[in-house]
Amino acid sequence: MKNTRNNDLSDRRTAAAEAKSALLKAYHAARSVAEPARLARQAERMAIAAAREERRLERERSKRDEAERRVAEAAEQQAAADAAARAETEAREVAERDRIARVLEDEAIRKAERDRRYANRKARRS
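Quick note: the sequence shown uses my numbering, first residue 1, plus one each step.
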């Protein structure tokens, strides 16, 4: 036997409205049940984001410290090189002054020896 139902438009609209209402109630029920889990996931995501930001800040701090260390190291090396260059220049100047002093002293000794010989020659002739 055929089940003959009279499905009027109003019956179909009522059935659709009831189905929609049932789906909406199920959605709200599932959402309220899942709310603590959603909040926990959200809190976990926020903690992960905060940790990520902290790691990023630490990397930036580390890079900045490394750059400052390199600049300080370069400045120290430059200062050491400048000091070495000054010391070398001063040593050269001192050596040049000593050489000049020795040359003058040797010349004075030669002149004194020449004058002594001249005086001896003069003394022998007179």
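Please note that the accuracy of each hint is not assured.
To be verified - Estimated spans, in silico, between C-beta atoms of each pair:
hint	residue 1	residue 2	range
1	13	55	53 to 61 Å
2	13	37	32 to 40 Å
3	79	119	57 to 65 Å
4	12	55	41 to 49 Å
5	14	56	52 to 60 Å
6	74	37	53 to 61 Å
7	116	80	47 to 55 Å
8	58	34	32 to 40 Å
Note that these hints are calculated values from the structure, not bench results.
By construction, the Cβ of each residue, glycine as well, lies at the ideal position given by its N, Cα and C atoms.
Tested hints:
1. As the Cβ distance of residue 13 to residue 55 is approximately 58 Å, the hint placing it in 53 to 61 Å holds.
2. Under the hint 32 to 40 Å, the C-beta atoms of residue 13 and residue 37, about 36 Å apart, fit the expected range.
3. As the Cβ distance of residue 79 to residue 119 is approximately 58 Å, the hint placing it in 57 to 65 Å holds.
4. Checked against the hint of 41 to 49 Å, the pair residue 12 and residue 55 fails, with Cβ atoms roughly 59 Å apart.
5. Checking the proposed 52 to 60 Å range against residue 14 and residue 56 shows it holds: the Cβ atoms sit about 58 Å from each other.
6. At roughly 55 Å, the beta-carbon separation of residue 74 and residue 37 lies within the given 53 to 61 Å, and the hint holds.
7. The beta-carbon spacing between residue 116 and residue 80, approximately 53 Å, falls within the hinted interval of 47 to 55 Å.
8. Hint check: residue 58 to residue 34, Cβ distance near 35 Å, so the stated range 32 to 40 Å holds.
Comparing the model with each numbered hint stated earlier shows that hint 4 is the single one that does not hold.
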